[in-house]
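Q: The chain contents come next:
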Amino acid sequence: MSMTRRLFAGTTALALTTFGTGAMAEEPVRIALLVKALGIGFFEAARDGAEEAAAELGNVEIIYTGPTDTTAEGQIEVINSLIAQNVDAIAISANDPDAVAPALKRAMQRGITVISWDSGVAEDARALHLAPSSDALIGNTIIKLAADHLPDGGQVAVLSATSTSTNQNTWIAEMEKVMGNYPGIDVVGTVYGDDLADKSYREAQGLMQTYPDLDAIIAPTSVGIVAAARAVEDAGKVGEVNVTGLGLPSEMAGAIESGASQSFAIWNPIDLGYAAATVAYNLSTGAAEAAPGGTVPMGRMGELQLDDTGTGAMADPFTYDASNIEQFKDIF
Amino acid sequence: MTDTASPASRQVPDRLRSRLGRAIRSWEVLLIAVAVAVFTFNALASPYFLNAWNLSDATFNFTEKAMIAFAMALLIIAGEIDLSVASIIALASTAMGAAAQVGAGTPELVAIGLGVGLLCGAFNGALVTGLGLPSIVVTIGTLSLFRGISYMVLGDRSFGGYPTSFAWFGQGYVWWVITVEMVIFALCALTFWVLLHRTSFGRQVYAIGNNPTGALFSGIRVRRVKFTLFLLTGLMSGLAAVCLTSRLGSTRPSIAQGWELEVVTMVVLGGVNILGGSGTIPGVVLAAIIMGMVTFGLGLLNVPGIVMSIFVGLLLIAVIALPRLVTLVRARWA
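Residue numbers (the working numbering), protein chains in the order written: chain A, 1 to 332; chain B, 1001 to 1334.
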């Protein structure tokens, strides 16, 4: 992966340099990475990714900033000071999609490139929105994670949040659409832990009793996946039942270590910060345009494909397993 | 600023002035010096500071908080405190948001914002003056209570969809760079200056702060005055809620989180004795401007918010400690 990625990054960077020669000799391109609040591991990892992009692009200054609390008014104060400094681009993960919109529109009026990432803003207050992933990509990833460890097929069950959770239901529906690509994998049931640790734990126990030959539990929720892993450990079924889905590395490190979970996925904040900075740079220097349905290059992350609303999904959720959990468990 | 001989200061014989001599005549002069220093530093440190529009944007850092600080100053001078002000903003804003969902117009929204503020103030005031409870305990309680209601109503959702005309308070301009909020701020400053420094009510406030028992025996209706001050603080919190909600165009339960401490800092930096009995409105106005300029200046240098609050804390300690330090040193050398 790293070889092809690096090669790709190299060619894209070269292409960008030719596009952006005008700016190269002059002042650095100043990109503000405006986060929900300072002191959050996830966003600090995103800053590291943005710095990586800056080093790759050259002549880019990353301003990592945000309020102390996750409030909209705090972010507006920061936006005002960024407008005052006349930065070249603002990439924001917003605390409130509407409250920050007037301030962002003012920034755009003064010629500042504005994009949102992670947590979006009103459509007319940004050039584009960089989503970490898409429902279709997530749906495919969660079943693929289970199938990768079941080469001969097997039984899997889903432990979801509540039966009315929009996100989880969408992902499960997307997963069912692609089941044809995974022959031999049989989804035997779906249960709901309501995103409560104890209820999720009991539901996972119930699954193992109802389906003695169960091979994997897919939990597309960070609460459910931890509870399911604990239920598998307590039942002594480590190695028999693999727990996977969407989770946070800090909470899942124990399950990876015990073997209750072979792998799980979630967006990679480093890649997200890298892509946000690269996209902001490309729009700000005029190397790319944010047209609905168009594409914007994101360096080593490939091309960002935009839909009608100017939203694009960065990539498949990133897979975490024994090989990289140590690196990420302290980040978020 | 010319009220150096007001009855207020006469009642505080151990004011710093007598020992400091003529060099620093009053707290306000010290604050003006600090303001000039901050302004000069900012102008030198950042090429973007001296720009009319940027400075206009920067006033939003303090105008809403200062509205509450004026009422809070009177309350603290009278020996009480209200730590629930930021939570009152949250509750008032939530009420306005709920009303906007069912189609309330701008006048109704303003009335609801101010009304909820008044009710919250009355609740605090009744508990403190009616039951004789300490205000710090009561308002720590209502700090959780008022915001708790907002969280119950909203959870992780938000209210939006305010009428377009409602945006005038927080996003409107009166003339060129002069915002509507600046005008409201100035009018509040003037009103509270008159109230504190030019009416008998203001003198009663000082009297209560210096000696509540003495004030009671001289015929001042202490509880009624204190209740009125809680009402005023609630009302000003409601006004701040109207301005902030109008500026954001959206309500979340975390709105104005942590503002109570910034408001109290403003009041104390403005020279109001935290134990009650002394303080002036011009001092609070200067303190508000200083705090706004410090945070904006540091923002221009991209100093992270966490470091910024360290700066504000240091500034507060320095401004309060400096005169006392000078006094101590002089006393030792004399």
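Hints listed in this document are in silico derivations from the structure and should not be mistaken for laboratory results. Some hints could be false.
[Stated by the list, open to error] Stretch-level coverage of chain A by chain B, calculated; a stretch enters the list once three of its residues show a Cβ under 8 Å from a Cβ in chain B:
id	segment
1	75-82
2	194-204
[Unchecked claim] Taking lysine to any residue pairs in the SDA-like style, the calculated list, with each CA pair at most 25 Å apart, reads:
id	chain 1	residue 1	chain 2	residue 2
3	A	Lys105	B	Trp1053
4	A	Lys105	B	Arg1157
5	A	Lys329	A	Gly239
6	A	Lys105	B	Trp1168
7	A	Lys199	B	Met1152
8	A	Lys199	A	Thr162
9	A	Lys105	B	Thr1213
10	A	Lys105	A	Gln85
11	A	Lys105	B	Met1152
12	A	Lys199	B	Pro1163
13	A	Lys105	B	Trp1175
14	A	Lys105	B	Leu1301
15	A	Lys105	B	Pro1047
16	A	Lys105	B	Val1303
17	A	Lys105	B	Ala1167
Here a beta-carbon is modelled for each residue, glycine too, at the ideal position from N, C-alpha and C.
Q: All hints are to be evaluated individually against the structure, with a verdict given for each.
A: A quick look at each hint next to the structure:
1. 75-82: With 5 residues closer than 8 Å to chain B, the segment 75-82 of chain A meets the three-residue bar; holds.
2. 194-204: violated (count 0)
3. A:Lys105 x B:Trp1053: holds (15 Å)
4. A:Lys105 x B:Arg1157: Judged against 25 Å, a Cα distance of about 23 Å means the pair holds.
5. A:Lys329 x A:Gly239: Satisfied, since the Cα-Cα distance of roughly 22 Å is no more than 25 Å.
6. A:Lys105 x B:Trp1168: holds (17 Å)
7. A:Lys199 x B:Met1152: Holds, because 23 Å separates the two Cα atoms, which is no more than 25 Å.
8. A:Lys199 x A:Thr162: Roughly 11 Å between the alpha carbons, so the hint for A:Lys199 and A:Thr162 holds.
9. A:Lys105 x B:Thr1213: violated (57 Å)
10. A:Lys105 x A:Gln85: holds (16 Å)
11. A:Lys105 x B:Met1152: violated (32 Å)
12. A:Lys199 x B:Pro1163: violated (43 Å)
13. A:Lys105 x B:Trp1175: holds (21 Å)
14. A:Lys105 x B:Leu1301: With Cα atoms ~22 Å apart, A:Lys105 and B:Leu1301 stay inside 25 Å; holds.
15. A:Lys105 x B:Pro1047: Satisfied, since the Cα-Cα distance of roughly 23 Å is no more than 25 Å.
16. A:Lys105 x B:Val1303: holds (24 Å)
17. A:Lys105 x B:Ala1167: holds (15 Å)
The earlier numbered hints that this structure contradicts are 2, 9, 11 and 12.
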